[in-house]
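J.: Here the protein sequences come in this chain order: Z and D. Reading the first sequence from the start, the letters are residues 1 to 282 in my numbering. Reading the second sequence from the start, the letters are residues 1001 to 1512 in my numbering.
Mixed in with the good hints there might be a few duds.
Unchecked claim - List time: in silico DSS-like cross-link candidates among lysine-lysine, alpha-carbon distance up to 30 Å:
{"no.": "1", "chain 1": "D", "residue 1": "K1380", "chain 2": "Z", "residue 2": "K169"}
{"no.": "2", "chain 1": "D", "residue 1": "K1203", "chain 2": "D", "residue 2": "K1104"}
{"no.": "3", "chain 1": "Z", "residue 1": "K153", "chain 2": "D", "residue 2": "K1201"}
{"no.": "4", "chain 1": "D", "residue 1": "K1185", "chain 2": "Z", "residue 2": "K178"}
{"no.": "5", "chain 1": "D", "residue 1": "K1228", "chain 2": "Z", "residue 2": "K153"}
{"no.": "6", "chain 1": "D", "residue 1": "K1185", "chain 2": "Z", "residue 2": "K153"}
{"no.": "7", "chain 1": "Z", "residue 1": "K169", "chain 2": "D", "residue 2": "K1030"}
Honestly, the hints are just simulated from the structure, not real lab data.
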Amino acid sequence: MLQPTSFPTSLGDRDKPDCTTEDILQDEENPFNFSPQLINLHKDHELFEDGDVERHMYLQDLYISEADDDKQTLSVSEFACHISGCNAVHGTLEEYEHHYNSLHRHVCSICRRSLPTARLLDIHIQEWHDSVFMVLAQRQDMYQCLVEGCAHKFRTSTLRKDHLIRIHKYPPDFRFDKAKREKGSGETKQQQDIAMEVVGNASEVLCEEQAKQVDQEESMEMPVSLTGTHLTEKDTPHEEMAACQNTNDEHLKPRYSYRVPSNVCFGHGSIRGFRGHRGRRK
Amino acid sequence: MWRLSRVGYKAGRAGYILEEFRVKRQEHEKTLRQARRDRQLVSKRLLVNEDEDQQVHIMHTCSDKNDVISLFHKLQHSGPEREAHLKTLSKSLRDLSAQLLFIKQENSIHMLVGFLTGPNTQCRLQSVRCLHELSHSPHPSVGPACLPATPYLLTYLSGQSTKFTELCLYTLGNLCPDSDVVREKLLAQGIIPALASCIEKQKHNTAVVEAIGYTLSQLLQTKDASEKIIPLVLASSLPSHLIACLTPDQNFSLGPAIECAWCLHYLTSTKNVFCCDLLRSGEDNHALLACGALLRCSTLLASLGGAVAQGNKEEGIELLVCPLLRLTSRLGPLWPERVPGSSIISQILRVLANVAHKKKEFCLQLADHGLLSSLSATLKMAERETVTLSLDILFMLLTSGSQVVEDFERQGGNSLLETFQYCSEGDVRRKAAYLLERCLLSSSAQCMLCCIAGQLHPFVLTASRIGNATLSTKTAKTQLRKEKYASHFIKRTRITFKCITPTALVRMKRFG
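Take the sequences, apply the hints, and build the full model.
T.: Here it is as structure tokens:
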């Protein structure tokens, strides 16, 4: 927070002049006789009319151009988003910038969900993918209120949702507060789940496979932000990729940061990194 | 010094005949004056694309109303032309009857919210544009219809897409004055922490800062602001960011400064939050803030005054000077008596004179931040009031410290004051002469004495060096050549002795 550090902290006054000043101020020949006048004026005083009117003329007449005048818009031919799995195509750099900043900035590397802000992403990771959180949540209030500036915490996400609706007047179907899904077995159920989720919350970005299926049912476009390989039935799911097929938290491996990119592999099951080597040994 | 960003105020619009424009503007002004008398002065801002047709004032015909409905139906079904449809919709929604028709359609806002949070970012952008057009509506029922979107707009303020954030901000700002219900909801949904968080993250983006300032100013103008809103704002980090925006450095931009100045004005105009009691308390955070705000405003005013005095006719300076004057006076807290017909420079100088008169430390700070060079410019102006006020302020500055005197002399202040010897105005002549004789020559005479004494006796030279020796011997000799200075030197010997350090004095006395 900015504080005006360069300004005097002790507020002295004019009672300590140096020797010359004292002389001058007491000099009868001194022609300087400025003294400030004190007038109390209410904010609606007519003296302020001109300034107020000028201000509102400015607000109402002003048409702001959105792009800077100095900035030269580079014209480029259409290009696609470089995040593999994302199908978005853009005609201008500004469009791409907006797309990238909106969808690819705050992405959970486990479940590929795109959240709109860093804070919501942190809350998501904590509540969906952190087993320590789950343990603590059984004993104390861990679910934070989503409104910035509100320090309340709750025992369950339902209580939090209730708080959001009653106190913060949020809608009951707030799209950035999805409850953690219970375990889903089998693809059909997951498809249904995901289909429902798409209807309710199209802001979350999911895997390509499901997205393609969903696309046929739903008219909304579903860009993807899946990096690296996308799963087939044969691959053993990695920890990071696990949630793609299974949007719940059954396979929690909390001992590393969930923001690590998914093409870095740790631990067992990391076939990808050694595939060539094993093949050669045989 | 600083770049003024282009402000499109008063720019003639394409397609308008100048006379027609002037007449329309006069009518507009009259309406606003009446609105102010009725305490109904409220405005909204519309952000338009630079590639759009400038003639947005043209009334839409009836066919557009049907367009809205057909567009709405098209959007409800799937299709890749969704982006284009939304864009057309946003343009159609500029018309009031189209707006009213749209909000009456079932699920229309719900659909927009769906696009606002959807995966297609161009659709997000176009849907926020639609909401922006709706928020700008003069009809009282249209704005509140946008309420379902507000939690999302507030969430996006902490996002990373600056253009999008700007639109969200202006939309929220337009919604603020609409009704108590809207404001209650926005406050409950955390608009103030969201704005604080946004300005912390985006303080280097001038367009976003301007948008934040605008939104905050809309919130602060409401009639119940003093009880509900102002305490929350003061408790947040917003005031310090607003004050920081008023620094006249290289990155200074007029648009954001105007908004921030108005915000600070509204913050201080309802209650005496920054009143002199707080200023005296010293320990209080508000006091520090007030002190910082006062100095920041004064130095900015000084810069602006200097710029105007040097002939800078940039559009929009008055828009910034007006709130700064009010703010500085209120922080002072002395409102200068307004002399009818006084120019903007005189008003600025009057306020600065109040500030300088208040505390000596303010004089030193103002001098540090370039007030002297501004005064050098204002002293050359033709208007009598300006010159008199400049001399008054100069007197206060020069009597606040010897460093200021040195700086002024280094900038050629002596020769500037000498030009007033032949001024027709007696008052001005007397003041300039007094400054020359008492404030400036006293220091040069003092140094002359040291140098002369130094030539007479080596021990005294040492003493004089301990005392002070800011002018070189050469300068002192040049001064000596002028007869009138010599007589002053003799007359003021007693005073100059007093200014030398006690040690030096003792030594000099010993050696006569």
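J.: Now, for every hint given, state plainly whether the structure supports it.
T.: Checked hints:
no. : hint               : result
1   : D:K1380 to Z:K169  : violated (60 Å)
2   : D:K1203 to D:K1104 : violated (39 Å)
3   : Z:K153 to D:K1201  : holds (25 Å)
4   : D:K1185 to Z:K178  : holds (22 Å)
5   : D:K1228 to Z:K153  : holds (24 Å)
6   : D:K1185 to Z:K153  : holds (21 Å)
7   : Z:K169 to D:K1030  : violated (40 Å)
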